[in-house]
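2 protein chains.
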Amino acid sequence: MSEESLTDEDLREIWPVLSADERLAGFHSLSRAEVHDFFLGLSASDQAQVLREMPSAERRPWIRLLEPDDAADVCQKASPAEREELIALLDEHARREVNALLAYAEDAAGGLMSPRFVRLRPDMTVDAAIRYLRRQAQAQRRVETLYYAYVLDGEQRVRGVVSFRDLFASPGDRLLSEVMHEQVITVPEDMDQEAVAEVIARHDLNAVPVVDSEGRMKGIVTVDDIVDVVRQEATEDIQKLGGMEALDTPYLQTGILAMIRKRAGWLSALFLGEMLTASAMSYYEEEIARAVVLALFVPLIISSGGNSGSQATTLIIRAMALGEVGLRDWWRIVRRELSAGLALGAILASIGLVRILVWQALFHTYGAHSARIAAAVSLSLVGVVTWGTISGSMLPFIIRRLGFDPASASAPFVATLVDVSGLVIYFNVAQVVLRGTLL
Amino acid sequence: MSEESLTDEDLREIWPVLSADERLAGFHSLSRAEVHDFFLGLSASDQAQVLREMPSAERRPWIRLLEPDDAADVCQKASPAEREELIALLDEHARREVNALLAYAEDAAGGLMSPRFVRLRPDMTVDAAIRYLRRQAQAQRRVETLYYAYVLDGEQRVRGVVSFRDLFASPGDRLLSEVMHEQVITVPEDMDQEAVAEVIARHDLNAVPVVDSEGRMKGIVTVDDIVDVVRQEATEDIQKLGGMEALDTPYLQTGILAMIRKRAGWLSALFLGEMLTASAMSYYEEEIARAVVLALFVPLIISSGGNSGSQATTLIIRAMALGEVGLRDWWRIVRRELSAGLALGAILASIGLVRILVWQALFHTYGAHSARIAAAVSLSLVGVVTWGTISGSMLPFIIRRLGFDPASASAPFVATLVDVSGLVIYFNVAQVVLRGTLL
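Top line first, the protein sequences correspond to chains A and B.
The opening position of the first sequence corresponds to residue 1 in the numbering used here, with each subsequent residue numbered one higher.
The opening position of the second sequence corresponds to residue 1 in the numbering used here, with each subsequent residue numbered one higher.
Simulated from the structure, these hints should not be mistaken for lab results.
Just so it is clear, CB atoms sit at the ideal spot from N, CA and C, and this is done for glycine as well.
One or more hints might be untrue.
As the list claims (entries may be wrong) - Covered by chain A, per the in silico footprint, the following chain B stretches (three or more residues, Cβ under 8 Å):
| no. | region |
| --- | --- |
| 1 | 102-111 |
| 2 | 227-241 |
To be verified - Per the computed footprint, the stretches of chain B lying under chain A, defined by three or more beta-carbons under 8 Å from a beta-carbon of chain A, are:
| no. | region |
| --- | --- |
| 3 | 198-209 |
| 4 | 260-266 |
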């Protein structure tokens with residue numbers, strides 16, 4: 001690594017693959033102008049790591065560079081002992097703010113908000129408000145945004161909001177109570193961050209005030225924080241859909257042991273579930289012994305159920321996460337997925353039928369009863385695909401009804417569920433269709 | 001539906017499940033105060049639908065309510081004939097803006113930007129700039145944000161940016177060239193929206209200027225547009241990971257035929273791939289006939305490979321989408337996933353070993369050679385899980401190297417790939433371990 005010529009962009013690019021020593025060296029090699037922006041642009045866990053790796057005497061200016069909500073995030077990422085040390089480095093005022101923020105769950109509105117917003121009084125004039133904003137801008141102390149100012153009453157309750165544009169567009173002698181917007185959308189401090197993101201996205205807001213149970217305003221969540229939330233929640237959902245626990249850190253920064261732990265749990269659970277296929281198969285051992293040809297289609301049939309189930313569960317989970325589908329829609333979805341499943345099953349059944357008959361004509365692969373075998377496979381496919389589609393679409397509803405995250409209804413989970421029932425469907429169809437011939 | 005008592009929140013809630021007529025009735029039942037916000041809060045495709053469903057004489061005020069970038073989005077969602085009609089309803093100036101925006105791909109920076117931003121000159125004083133902003137605020141014509149103003153030279157090139165806060169904090173007689181930030185991050189007009197989101201998220205920006213190939217500023221993309229982009233891109237990736245084409249519309253608003261089309265393509269392709277398992281199995285037909293017990297573990301073994309592959313591919317695809325992992329990291333990832341795969345394989349192998357030996361002790365399920373069968377299954381599990389993990393992690397690299405979207409390396413795709421090779425591994429291990437006994 002040539003440290004001399006490193007720009008902040010270069011460092012950002014190679015950051016994930018550097019060792020701790022290299023990171024610190026790279027960090028110190030940046031110019032003074034670059035290093036502040038670079039530090040502010042890091043994720044909270046990277047900031048915590050940089051602080052951890054630098055000599056403790058150097059930490060103070062860096063932690064003080066952060067806004068209170070970002071400093072709180074860094075403290076969340078640090079060990080309890082480090083957290084105490086870091087908080088002690090803050091000035092009195094920031095320390096109180098950070099401690100208040102740390103009392104919230106990291107993924108609640110309260111954990112996401114900044115306590116630094118502009119407060120105005122309803123009986124101020126527009127001119128007085130502009131003067132006040134100007135003083136805030138010139139003061140050293142930073143607020144999260146100057147674009148919106150919140151008009152609070154004596155009990156800190158939100159009476160209205162004015163944007164900088166509203167102030168500029170209004171005559172200077174009007175009262176804020178006359179020019180403010182009174183319909184303010186707020187979120188409670190314990191609202192989950194995913195729901196906050198939903199509110200902000202739905203109403204196209206740039207910021208939303210956070211209020212406590214008595215309606216007092218505690219802070220604001222701005223839309224730029226929401227971008228991170230949306231990305232993070234999507235990552236968690238995607239990882240759960242892939243059949244594992246969500247990683248808490250970027251892939252390359254997750255230790256190999258932590259990663260194996262996150263993956264082994266679900267993999268073992270799915271394996272235990274999948275063992276039922278061995279039991280199901282041994283129940284039909286005699287049939288297989290009599291007609292080995294039946295065994296040949298087992299992977300094809302159960303995977304078709306798994307794949308169609310994976311499609312259905314993925315669609316429903318994402319629609320739930322986006323608020324497009326709620327628990328009350330389940331019956332509509334059963335009907336839709338029943339049609340979809342039957343249609344998809346019929347398509348695969350036709351392909352399967354053609355494949356078996358063509359192979360038989362060309363290579364005589366499947367013996368004297370190939371037509372019946374083709375019929376058994378095709379019929380089973382219709383059943384298995386329809387069943388996979390229905391179970392895949394309903395599993396997220398059941399899991400959510402039980403109070404868990406529907407994203408746990410991962411594609412592998414559905415596939416495992418459908419494998420066992422797929423075998424039962426297949427062998428029962430085969431018993432009926434092949435009775436008196438092979439079985 | 002009781003239309004009398006409907007609020008905009010209620011309507012928003014039930015919107016996805018309403019018929020076209022109910023939507024229009026609901027829309028008209030809102031009060032004048034509510035209906036504007038409600039319309040502006042709809043997605044572009046819903047706005048297009050509302051416009052389509054209302055009598056054409058009523059459309060003009062609604063399309064004119066939209067910002068040019070939003071009006072362009074609505075036109076994108078309309079049919080070419082409707083598009084012409086809608087554009088004709090705009091005033092001269094907006095029509096030019098919308099036509100310019102429609103020339104860009106919908107998912108490029110140019111298609112996402114607003115052409116309405118505040119332009120300043122470097123030789124203006126701070127006071128003059130504030131007066132100009134105030135006039136902009138009071139003018140009827142709206143700009144996307146007044147918070148940032150862009151300082152352009154005579155060729156419309158970005159020389160700097162000032163925030164409203166900078167202006168307020170600076171003495172009134174200073175020139176903008178002295179107070180502006182000269183390090184402006186810009187994005188090219190043809191940059192993909194996912195990359196624009198990445199730039200905005202990485203640098204924690206509230207807005208980013210879009211420039212053409214000669215560096216002339218064409219518009220700005222603001223962070224609130226990015227929230228929608230991030231959600232939409234995550235949805236597309238999740239649907240592809242579920243083994244289907246991405247839907248273009250919300251689940252409940254997608255017609256049943258369109259949905260079957262989106263799902264049938266991949267499902268059929270996977271089915272054709274999975275047919276290779278029938279060929280692979282028939283290659284080992286003789287072994288199965290001699291030792292039917294081997295067939296019992298086929299679903300267990302191939303699904304373990306599929307599940308571990310699904311985990312690996314999901315992790316890598318998401319890390320790629322977030323820019324945490326690039327093509328050049330492939331060798332690092334092979335090494336990581338090799339260790340992870342061996343460890344996970346060993347865990348499943350131990351569970352499998354215990355299961356077979358315990359069942360044998362309790363029920364004598366697996367006959368005289370149960371120990372060897374257990375050994376064959378366990379050894380195969382190590383091989384299949386390791387192979388599944390490696391192929392699952394490398395497939396996104398291969399697909400991306402070929403120039404396709406790595407998210408197409410869906411969990412079902414990987415499972416299908418691994419199923420065939422899993423069978424080959426299993427039967428070959430069994431041939432070696434059971435030689436001279438069962439086989």
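Quick rundown of the hints versus the structure:
1. 102-111: Our answer is that it is violated, as 0 residues pass the Cβ test (under 8 Å) against chain A, missing three.
2. 227-241: holds (count 10)
3. 198-209: holds (count 7)
4. 260-266: holds (count 4)
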